[in-house]
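Participant: Given next are the chains, with one letter for each unit.
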Amino acid sequence: MTSMQAVPTPDATDDEVPILQLAAVRAGYGRIDVLHGIDLELRAGEVFALLGPNGAGKSTTLAVCSGQITPSTGGMFLCGRDVTGVAPDALARAGVCLIPEGRGIFPNLNVLENLRMATFTGHSFSQVLDLAFAQFPRLGERRKQTAGTLSGGEQQMLSMARALATEPAVLLIDELSMGLAPIIVEELYEHVRRIAASGLSILIVEQFAHEILGLADRAGIMLHGRLLHTGPPASIADELADAYLGAEHETPAAHPSQ
Amino acid sequence: MTDAHTDANGTMSSSRLSQFEAEVAKLKVTGGGANPERLGSQWGIGLTILGFVIAIIAWWSALDAKGDNAAVSALRAEIFGFIGIGVAIVGIVIWARNSITRYLRYWIIRLVYEQREQTEQLVQALRDSK
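Chain order of the listed sequences is A and B.
The first sequence begins at 0 in numbering that gives the first Met the number 0 and counts up by one.
The second sequence begins at 0 in numbering that gives the first Met the number 0 and counts up by one.
Hints listed in this document are in silico derivations from the structure and should not be mistaken for laboratory results.
Beta carbons: idealized from backbone N, C-alpha and C, even for Gly.
Treat the hints loosely; a few may be bogus.
Residues from chain B that keep clear of chain A, each with C-beta distances beyond 12 angstroms, as calculated [to be verified]: (1) VAL52; (2) SER60; (3) TRP94.
Here are a few chain B residues that face chain A, going by a calculated C-beta distance under 7 angstroms [stated by the list, open to error]: (4) PHE19; (5) GLU20; (6) GLU22; (7) VAL23; (8) GLN114; (9) THR118; (10) VAL122.
Label-pair restraints from in silico Cβ distances [as the list claims (entries may be wrong)]: (11) GLY45/B x GLU186/A: 47 to 57 angstroms; (12) ARG142/A x ILE88/B: 47 to 57 angstroms; (13) SER60/B x HIS35/A: 49 to 59 angstroms.
Build the full structure now, drawing on both the sequences and the hints.
Facilitator: Next comes the structure, spelled out in structure tokens:
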């Protein structure tokens, strides 16, 4: 249940209102809290990389941002408006789009049928196809192919195409590289780089930092459900090894000012 | 990101941002209705119990009706009894509606996962056979 009292409000002193903000969010599954007070800001047109080892709470953070998990305390804000507890489908229609871990395509449907799913935002099917095939021409060649028989990279492209066809304002990407060969990951990140250049606000979760730090404007390291460090990718890179190798940090930066 | 939503500098246009802000402003904040069906089911069960309690009390009142106004009291109790049964029926409908929605939601998720699993197995088998 959402706490109706004492929901923190966004920082009013900042000139630029973040397009997405989590303020002191605690959330989890049932009675088990996975996130222990996350403060995160995504500014308009920014790429924010959320890094951390397995089980750090990165995917749960995205689940909160997409409305799939309601914070037990704390708040979520879009353009400064409290949207804590808004249904995930309403957020998706508004323009918050999640590309889930494991692609989230319908494997027994073909490419066209999968793309038809993106018409829920009100775009016509032909519009969706134009947008999808313009970004990923390879999908156009395989439009009648059953999605489950596509290669891992193509399935990920389909997932991205379906998301982009809805013309989101905020894109949440969960573990793009999961189960894919490095060369495919590199190709996919090239697409993300292009998408990022168009000015879309992207919150991207990754376990493997190498590719993502190159394209992020800012990055954060998560560990044990807490956002330990945020800052420019260059400053984060030094902290990464410690986070992954299990070194504990008891520094003032444990709750950085955004 | 059509051209209409991307300006000359390749950045997301302010119109898309404004459109997003307008969409966000329209969002209905439910205050944490993370599981509306469960809440609906609970309301349904509550109403059903309440309805039956009203009906039973009305029935007892009708049985107890004595004296000169017995017929009037019995009629009043009868009306309350019908109201109670009506409330119970509404409760059952609300409970059934939410329970079925909840069941179907889980059923379709399970179906999607099963089919995904089966397709992956099939694709793997086809690749192995080559």
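Participant: Run every hint past the structure and note whether it holds.
Facilitator: The hints, checked one at a time:
Every CB of chain A is more than 12 angstroms from the CB of VAL52/B (nearest about 28 angstroms), matching its label as outside the interface. At roughly 39 angstroms from the closest C-beta of chain A, the C-beta of SER60/B stays outside 12 angstroms, upholding its exclusion from the interface. Its beta-carbon lying about 21 angstroms from the closest one in chain A, TRP94/B satisfies the requirement of being farther than 12 angstroms from that chain. Interface hint at PHE19/B: satisfied, since its Cβ lies 4 angstroms from the closest Cβ of chain A, which is below the 7 angstroms cut-off.
With 7 angstroms as the threshold, the beta carbon of GLU20/B comes within range of chain A, its nearest partner Cβ sitting at about 5 angstroms, so the hint holds. With 7 angstroms as the threshold, the beta carbon of GLU22/B comes within range of chain A, its nearest partner Cβ sitting at about 4 angstroms, so the hint holds. Annotation: VAL23/B was flagged as interfacial toward chain A, and the flag holds, the nearest CB pair being 4 angstroms apart, inside 7 angstroms. For GLN114/B, the interface hint holds, since its Cβ comes within 7 angstroms of a Cβ in chain A; the closest pair sits about 5 angstroms apart.
Given the 7 angstroms rule on beta carbons, the hint for THR118/B holds: about 3 angstroms separates it from the nearest Cβ of chain A. Evaluation of the VAL122/B hint against chain A yields a held restraint, the C-beta minimum of about 5 angstroms falling below 7 angstroms. For the hinted restraint 47 to 57 angstroms between GLY45/B and GLU186/A, the CB-CB distance of approximately 55 angstroms keeps it satisfied. Roughly 51 angstroms separates the CB atoms of ARG142/A and ILE88/B, a value that falls within the hinted 47 to 57 angstroms.
For the hinted restraint 49 to 59 angstroms between SER60/B and HIS35/A, the CB-CB distance of approximately 56 angstroms keeps it satisfied.
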